[in-house]
Amino acid sequence: MKQRAVWAAVLVAGLALTGCGSATGSGSSSGGSDKKLVVWDWKSGEASSAQYVEKAKADFAKKHKDVEVEFVAQPFDQYYTLLGAAIQSGKGPDVILFNGGGQIRDRVDSLQPLDEYVGEDRQRLAGWEAFAKGGKTYAAPVTLQGHPIYYNKALYERAGLDPAKPATTWQEFVANCATITQKTGAKCFAQGNKEGIGIQFFLSAMASGVLTPQEYDNWIAGKRDWNSPNVKKIFELWKETGTAKLNNDGANSTAMFNDAFAVFQSGKAAHIIGLMSDIGHWKDFNEFITPEKLGVMMAPTVTSGATPSLPYDGGIGYAVAKWTKDPKVAADLVRSLTSTDALKAFYANAGAITADTTIDVSQSGPAVTTIVGALKTGKPAPHVALSSKALDLMGRLSQQLLSGSISVDDVVKQMAAADTAG
Amino acid sequence: MPPTSRDRAVPRRVAGGRRAEMLAPFVLVAPAVLILVLLRLYPLLLGVNFSFTGDGDRDGAMVGFDNYVDLLQDPLFQGALRNVGLLVLLLPVAVAIPGLLATFIYLRVPGHRFYRSVYFFPAVLSPVIVGAIFNLLLSFDGPVNSILGAVGIGPVDWLGDPDVAMFAVVGVHVWATFGMALVVFLAGFATLDSALLDAARVDGASLTQVIWHVIIPSLSRTIQFVFVTTMIGMLTSMFGLLYVMTSGGPEGSTYLPEYYIWIQQGQMNRPALASAASTVLFVIMLVVGLLQLKLLRRAGRED
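Protein sequences appear in the order of chains U and A.
Count the first sequence with the working numbering and you get residues 1 to 422, in order.
Count the second sequence with the working numbering and you get residues 1001 to 1303, in order.
The following block holds chain U by itself, in its conformation from the complex:
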């Protein structure tokens, strides 16, 4: 008993001694020295990004000859875990690549506002909103990320449909899908919801055809009415893709990357809600379906008064850490990483639709031209406005909707609670 008491005392003393720690450190030491900037990303290790990084480095070297830049490419599937650890220790890279939306907004406490440094780039680049919180901008956009609905014109032709005129209403869309499945055996949607991200793509792609423009703007502005019939409608449509067998079989166990894309590329499904950055996008699909047969369509209209548009935001962008020694020099590096020359190389080699809308894309086929043409009227993607916690929950609920173990009413109720909590 006495021994136990001694151990208990040691434990209590230990807890008391460590009593002033915190889970997230607030230290302010720098990752690099005065003459060195450390950049963390998940792109610079890829061959398709080599020229982009080279051009950005050259541009930066013109302004700061004496500052060395080191790129550290991290594996993407562990990127935010590693970054979280770096942030908690208060020692991390000076310049950090982020996905727009929740990932950067959750971490703005560790970042430097860039508004005073990037004024000149405001007009040239698009997609700033995804990197802003509380009226301040925390990163400059490199690419635009959006969710065009791609379709396979060859399957349309084989089914006797006009590939130049995809459906404009949901009823027509479902009828077309029935025809395609009947004539060609291909499913309507290539769907991958294993990680629960299929619903994010679906929500963003379909919302502009379901929500009224006012509802859409309110949603983005954070005034989300989860009980509105139109919001429910989106989840009903998602459920319908399961019950009406519009998706490929086993959607809940099909990974979006790369399984669902493979389903679309191999002609086993007529549509896919894809991306426009540098994976799962037009360039990947062009290789298999050919540029002439790859179409891009707007969301079919579900409610009257809805005006379908391309959902897109800033895709990835570079931010500056709070603890960097000279924020201006770091911001200059961010500006070099978003310079027209560097972005041109990124578009040409990786196929990403970059944030710089002045770059000419006319050589890449009709799908890209359609996407870039739709940027002017496009609006931010609805799922990007949600917190990571709400997105995580929505992923699980979407799987339950597909398996039929939850009702749409329950889904919107749980989402409303998570959205206010988040």
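FYI, nobody ran anything at the bench for these hints, they're computed from the structure.
No false leads were slipped in.
Below, a list of computed lysine to aspartate or glutamate pairs in the DMTMM-like style, where the Cα atoms sit at most 25 Å apart: (1) U/413 to A/1070; (2) U/63 to U/115; (3) U/413 to A/1161.
Fit chain A to the known structure of chain U by using the hints.
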């Protein structure tokens, strides 16, 4: 007569020698203790302490038991704990499979040498590779469902059905790891008294009777050891498989505490909540470990 300096010096030297002798064990274990305290105990205490601080806006502030309340109210964490319970229930199966196979090898079924090496083979594969292989095999349009289809059984969504997925992952884990337990069992068999088996056979015992009345009692300590190591393996090393095969899905049905901790820390940016979850996992492991130690000790006394 007053004592000479020589007389006084002797007891002092003896006392000094005794003190050195008394201190020697402490000096000898000091490096090990220091390493344990610095690298094991201190981080553990830090983690426990972190679990009482807040995340996000409340970063660094002491929040008492708020994180633990959050945890217990989180259906995802409840699911993870339920899955721990499921693993405990499945444990006898995970032990019985290598046990039975080792018995057959020991009883020299035809081809036993071949089986012995083949059974061990998956144990050297990385969980990531195993996960990737079974992802292909168990995919909805994969070979397993094709075979089922050929014999007229409808396809099973092995990794997409929340009622099936956890069993699929545990099954793959057992497949990948039972080779190690099999080796332990075979080592146990090496110590088995073959005279007992011969006696049982002479008395006309059936195979089941031999296993039940001779092999299992003789191998009780080996079986207990395999129980302990298999349980620890299930609780701590299924992360790789879960990550590759289901990512906690579908519907959060394959979450284990370890995966939950990783998601909260890395993806949700809630390190304090993750610390609370790891403290809970630590306590679970401690309780399971102590219970098993108790069992082992009791078994030792019976011997």
